[in-house]
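Novice: The chain contents come next:
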Amino acid sequence: MKPTPDSIGRLQERFSHAVIAFVDADGYPMSVATQFRVDSDSGVVVLRSVGGEVQPPVDERVNVVFSHIRPQPGIGYDERRYVSLWGPLRSTEKGLEFTPEREQHWDEEEMTFFEYSERSVPQAHRYLEQVSVETGRRVRPKLSFGWLFLRATRLPFLTATFVPVLLGIAVAAWTNGFNWWLALLTLVGGACIHLGLNVANDVFDTASGADQANVNPTQFSGGSRVVLYGLMSLRTIALLSAAFYAAGIAIGVGLAAARGWELLWLGIAGALLSLFYTAPPLRLVHRGLGEIVVFLGFGPIMALGAYFVQAQEYDLEPLLASIPVGILIALVLYVNEVPDRPADAAAGKRTLPVRLPKGVVVNAYAAAVALAFGLIVAFSVGGWIVRPAIIALAAAPLALPVYRALKESYEQPYALMPAMAKNIQLHLATGVLLIAGYLVAIIADAVSNDPPFFLR
Amino acid sequence: MGVLPESVEALLETALVSELTVVDPSGRPVTHPLIPLYDGELIYLTSSILFSKKLEHIKANPKVSISISDPVAVTTDRFARATIQGDATVDDSDLHSGWERLLPLWRKKEPAIDMFLAKRVALPLFFERAVIEVRPRKAFLWEEGRTDRAPQIFDVAPALV
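Respectively, the protein sequence lines represent chains A and B. Everything in the first sequence is counted per this note's numbering, starting at 1186 for the first residue and increasing by one. Everything in the second sequence is counted per this note's numbering, starting at 71 for the first residue and increasing by one.
The hints are simulated quantities; they were obtained by calculation from the structure and are not laboratory data. Just so it is clear, the structure is predicted and the values come from calculations on it, not from any experiment. Do not rely on the hints blindly, as some may be mistaken.
Not the full set, but computed from the structure, chain B residues with beta-carbon under 10 Å of chain A [to be verified]:
hint, residue
1, Val100
2, Ala192
3, Leu195
4, Glu198
5, Ile223
Where a beta carbon is used, it is the ideal one built from N, C-alpha and C, also for glycine.
Work the whole structure out from these sequences, hints included.
Specialist: So this is what it looks like as structure tokens:
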């Protein structure tokens, strides 16, 4: 890139010295540090002359580099930045006058190291191809099987499945009864469908270019990137996704055969929503419907399905209990979509944060959180769900730092990361407390013939 | 005692950053800030495949220089500046873990490297790294960092032809 007057003008305040690099008579590069000042009027850098036989070539093009770090004893360093300039050098009475013509730079305060790395992924692939040609064998980046599986499946997100499934089971245990094996199979089946969805999401986001366009991925957004990094092939993850779906569907069909075919309709709805979340032709997340799909799939469908497996009937209570966790898991997607906005928009993925202005996105988050906790109060006080479930209100303060971060760091993907983590905790804590509310009611009922009304 | 003068070795052993200059195919010098590591014989630098242009340049032209210029980035008793010219080779035979043999040297300068390495899953391509091994041939030393004065020059090994 061409240097700008601003970038040259700021050299003096950002760097203590310059290094002049050139190629000497033997063909070796030579570099020598010196003091400098910027002549803002003429846009040239005046370098102090150097002594002895190490003389930079005048009237030739040289490379002048400015580099800065701040040592952090016991850790390493930070405040990394450098500016590399190329241009002609000439000798004047003031010293060596350098006219910058080309610039390359990086400042970690302007571009995070993560973004810098993401933007360099194509160079990594070029190099791997070159090494493959040189060595005659295919050279690929590696990760251990465990890390690769964790990364490809985004395993930690399984809490989104465990919460509604365990909630449905807890409601069934309160109203009907409980079977360990059926509970375990329901969890495994639900997890398989969820992992199938996670991996399918990567298949379609890689194919559509959404992941490549995203240079600000975080651990919560931007996909697993295993294909983008060359860690796995598109075919392999497509097969992995199909295998998870096959296992989940097989378990679902088995449970339907054992507990009642009415379960099948719910299972089919869940599997189709999961698949068409990113798969064409529907690509629901591209149409701004991702939150609704996630609400239904990881709220009522999972909870009602888990309830049915235990109770062999449908009921209003698991549906109501699942609505707050459905809203909160939809909000996990919603917040995670905020840093992905530019890449999603470029790939035609018109998510809600792509469609809506910041103010609406932030206020809608607050309104949805208020609705989720308002429903918990209404349902538990009204006796639609067990009254001890009201303890889930204790999780509500976790929403405050998320709301604050959305307001203050909306445009800063990496500053949003703690908020994204907190938002996941909000869903998890609320779900766990709702389940705990049911456990309190179950225990109270077991130890007393007539437990007080607030424990029922 | 290694192959380089003691004052230059002292700089290499503590410098948190150096400037590696390579020559690109058009003959233009290109400089990259990198951590220098030294074992008494060779100077080592590692480069992620993410930032691997310099590796391509070295493979085409192994002549390089390494400059230690930043007074803030060294902790020697008496500051000096040095430039070492040498012949580099790129070891990319095991990008995944070959560079880990340099961890003991790296750790001394950047203890946090172990923490980053434990999170390898987060930045897998950053930890696919080649090792640049530089055999010094000539060293230039400017006492007190005064490059306005003539440097001391040390011939270490014959140049490549």
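Novice: Do the numbers back the hint for Glu198 of chain B, that is, is its least Cβ distance to chain A under 10 Å?
Specialist: holds (5 Å)
Novice: Given Leu195 of chain B was flagged as interface, is its beta-carbon under 10 Å from a beta-carbon of chain A?
Specialist: holds (5 Å)
Novice: Quick one, is the Val100 of chain B hint okay against chain A at 10 Å, beta carbons?
Specialist: holds (6 Å)
Novice: Using the nearest Cβ pair, does Ala192 of chain B come within less than 10 Å of chain A?
Specialist: Interface hint status for Ala192 of chain B: holds (7 Å vs cutoff 10 Å).
Novice: So, as I understand it, the hint says Ile223 of chain B touches chain A; can you test that by seeing if any CB pair is closer than 10 Å?
Specialist: holds (8 Å)
Violated hints for the displayed structure: none, as all numbered hints are satisfied.
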